[in-house]
Every structure is written in C-alpha cells, then in structure tokens.
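Undergrad: Protein sequence lines, in the order shown, are assigned to chains G and S.
According to my numbering, the first sequence is numbered sequentially starting from 2.
According to my numbering, the second sequence is numbered sequentially starting from 2.
Keep in mind the hints are simulated off the structure, nothing from the lab.
If you're wondering where the values come from, they're calculated on a predicted model, not measured in any experiment.
Please note that the accuracy of each hint is not assured.
The list makes no distinction among identical chains, and a pair is therefore deemed to hold if it is satisfied within one copy or across any two copies.
As the list claims (entries may be wrong) - Pairs of lysine to any residue, SDA-like flavour, derived with a Cα cap of 25 Å:
#: 1; residue 1: Lys-66; residue 2: Lys-113
#: 2; residue 1: Lys-28; residue 2: Leu-6
#: 3; residue 1: Lys-113; residue 2: Gly-76
#: 4; residue 1: Lys-28; residue 2: Glu-5
#: 5; residue 1: Lys-154; residue 2: Arg-8
#: 6; residue 1: Lys-65; residue 2: Thr-88
#: 7; residue 1: Lys-20; residue 2: Ser-191
#: 8; residue 1: Lys-113; residue 2: Ile-181
#: 9; residue 1: Lys-113; residue 2: Tyr-165
#: 10; residue 1: Lys-20; residue 2: Met-130
#: 11; residue 1: Lys-18; residue 2: Asp-106
#: 12; residue 1: Lys-107; residue 2: Gly-131
#: 13; residue 1: Lys-28; residue 2: Gly-131
#: 14; residue 1: Lys-154; residue 2: Glu-180
#: 15; residue 1: Lys-56; residue 2: Ser-166
#: 16; residue 1: Lys-107; residue 2: Glu-67
#: 17; residue 1: Lys-177; residue 2: Glu-128
#: 18; residue 1: Lys-154; residue 2: Phe-78
Protein chains: 2
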Amino acid sequence: MLLELARKRKTVRKFKKEKPPLSSIIKAIEVAKEAPSGINSQPWHFLIVENEDLKKSIREICEKKEKSFHEKLSGHFKEWLADRGITWEKPFLSDAPYLVIVLCDKTLPFSKESVWISVGYLLLALEEMGLGTVTYTPSGSEELMELLKIPEKFRIETILPVGYSDDDKKKEKRKKVEEIVSFERFGGRSS
Amino acid sequence: MLLELARKRKTVRKFKKEKPPLSSIIKAIEVAKEAPSGINSQPWHFLIVENEDLKKSIREICEKKEKSFHEKLSGHFKEWLADRGITWEKPFLSDAPYLVIVLCDKTLPFSKESVWISVGYLLLALEEMGLGTVTYTPSGSEELMELLKIPEKFRIETILPVGYSDDDKKKEKRKKVEEIVSFERFGGRSS
Chain G
2 MLLELARKRK TVRKFKKEKP PLSSIIKAIE VAKEAPSGIN SQPWHFLIVE NEDLKKSIRE
62 ICEKKEKSFH EKLSGHFKEW LADRGITWEK PFLSDAPYLV IVLCDKTLPF SKESVWISVG
122 YLLLALEEMG LGTVTYTPSG SEELMELLKI PEKFRIETIL PVGYSDDDKK KEKRKKVEEI
182 VSFERFGGRS S
Chain S
2 MLLELARKRK TVRKFKKEKP PLSSIIKAIE VAKEAPSGIN SQPWHFLIVE NEDLKKSIRE
62 ICEKKEKSFH EKLSGHFKEW LADRGITWEK PFLSDAPYLV IVLCDKTLPF SKESVWISVG
122 YLLLALEEMG LGTVTYTPSG SEELMELLKI PEKFRIETIL PVGYSDDDKK KEKRKKVEEI
182 VSFERFGGRS S
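Could you build the full structure based on these sequences and the hints that come with them?
TA: Shown next as structure tokens:
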C-alpha cells in the first residue's frame, strides 16, 4: 500500500486555483507529528500561511535571494535546473493556496534529523489526501523570520506550497534498488 | 490509513531472535528510494548487515564512543535517558537480526535533508512490514567507515537495527496538533 503511495507521489510545482479544505492539511500534520524525534523533543512547528498578501511578501523575499543564488550557480546543479526550466522565479510561493512552513527548534538534540523524518511522513500524508507539494528551501531566511514573527530558536527548514496538482511533469526516475543497497560491507552483493 | 500506521509506529530497542525475511527489508527500501531529493540526486545508500561477527564489531565500536559521550552528558538530555534506562550499552546493535546503515553522499545538494525524508519513508514502510526499529545515531564513525569499507564521500546518518519487536515500552506521547501549528504568523491561531 505504502509502496503504491510512495511511487505515485511526485514533486508538484504548479497548483490549481481551487482551494483544498484546511482540514486536509491538518490531517496530514497529524501524521507528521507521529514521527520519532531525539529524546521525543518533537522539535517541529508547522506554520500555515493562506493570506494572499503574506504569500506575495514571502515570494518576493525568496525570489530576491534566489536571484543572487542562481547567479552563483555552476556545473551539474545549474544544468539540471536549466533542463527543467527552474529559474529564480518561484510562482508557487504565491500561487499555491497554502504554504506550510516547517520550522525546527535548533536548540534540541537531533532536531534537524527529526524534522526531516516528519517531513517524510508529511509528504506521504499529503499525497494520501490528494495534495501536491515540493520541498522548497529558501536560500536565506532572516527577512522571513522577521515577517512571520518566528522566534530565534527556530530555523526555517522548508516551505511547502500545498494544493491540488496542476503539474503534468512526470516523476523523476529513481535508481534500481540494487544500485543503492550493499550487503555486509559497502559494495557487497547479496549471497 | 497512514495516520493509523504512523500512530501505531513506536521506537523499538528490543528484538526477537526470529529473523524476518530479507525481502521485507528490501521492500521497505523500495519505498524509501521513492523519496524526493535535491536535483533528484538520490544521495542515499543502504548497507544491510546480517553477519554476527560484523554486528558485534559495530556494537563494540559504537559502545566505546557511547561511553565517553554519556560521561559528558548533562541536564534534561541526561535525565531523559536515565528515566528510560538508556545507557552507553547498545545491545540492539548485536541482537537485532539486521542492521540497516543509512549513508548520505555529502557531496550532493540538500543531501542530509533528502536522506532523512527517505528515513521517514523507511520507518513507515518497516512498520507496514511488521518490523520495528530505532534511529540510532553513532557519536563518531571513522572506525565504522573503515570496518565497513564506506567511501569517504559518504556519512553514516543512522544505524537502524531491524527485526520483530520484543519491546513492550509504550509509545512516547505526542503534543496536540494545536501546540505545533500556527496560522499566518508564528503563534497565530486559526480564525
């Protein structure tokens, strides 16, 4: 069952205007918060933004950072993005009906690892709810922290634009399991 | 469905001697490898260890590091561990029928984040297969890297002992969703 869900899930960068019920997002967060964490500290916080003006401000702040980030890019990373038409523009930050901003309490042990486990849970749960998203990571977040009144002990780990998919791009291919599994020692084959 | 699975899943530190089929672990990794990753670089590698001597060596190396780690502990972290009887001893590293060592290619963009999303997928998939685990993070890994012939570009993110649960400890409680969700700005309530 989970295999089917995980295989179906793909990154979504374009969203329909139609707004999903907020309850679907809350249900997905109910799943995410079941993730394990270092000494059960539950270092995550989920900030849901729906306000149009606020989303626009977030987009503006992020795109400003993206411009200078993209100017510095080179090599495989640059090519990969160019091939997919990914530029400094992030329309999904204002077009998606919701932004779910995932925060991590930096002061807690293994907090980054724990938060990303919960993001893994959240991605699958959103898929189950019929919702698409992409794990967008802003390049700098001081201005966002201020705009959104986020206390200093937190770090913005990712911004998830969430909505119904309007993205017909196919899922990127995954390696075969044989390519990413070793037995006993690195590179070891199954006997 | 996912909510039920996520709620049921708890950390397991004690395992039955009975060995689950290797195919169950491979199936769970089939789920984990569907996770998204920065520029689809799939920075994960899963090293499955079954050999008894190798597991014992891994345990010895880890416990040596744990001893000095535990000596330095203080405050809430120390108390939390003591309350649960968690010491420098890590019997699950040799008692679990399998160790799944999760590696992260440090040279790839957003690799740590991506690997932990895939760990999130993996934990749920193992649960679905009826298998228990705990995300154990060794304090230092030079010796393990050498023992297991792991190339330098990788980092050991976590060691997952995997098997049938023999752990009757209850799941640690989670906060209520209202405590970990804000609307529009940090601390904002739903209108």
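Undergrad: Check each numbered hint against the structure and report the violated ones by number, ascending.
TA: Violated hints: 5, 9, 11 and 12; rest satisfied.
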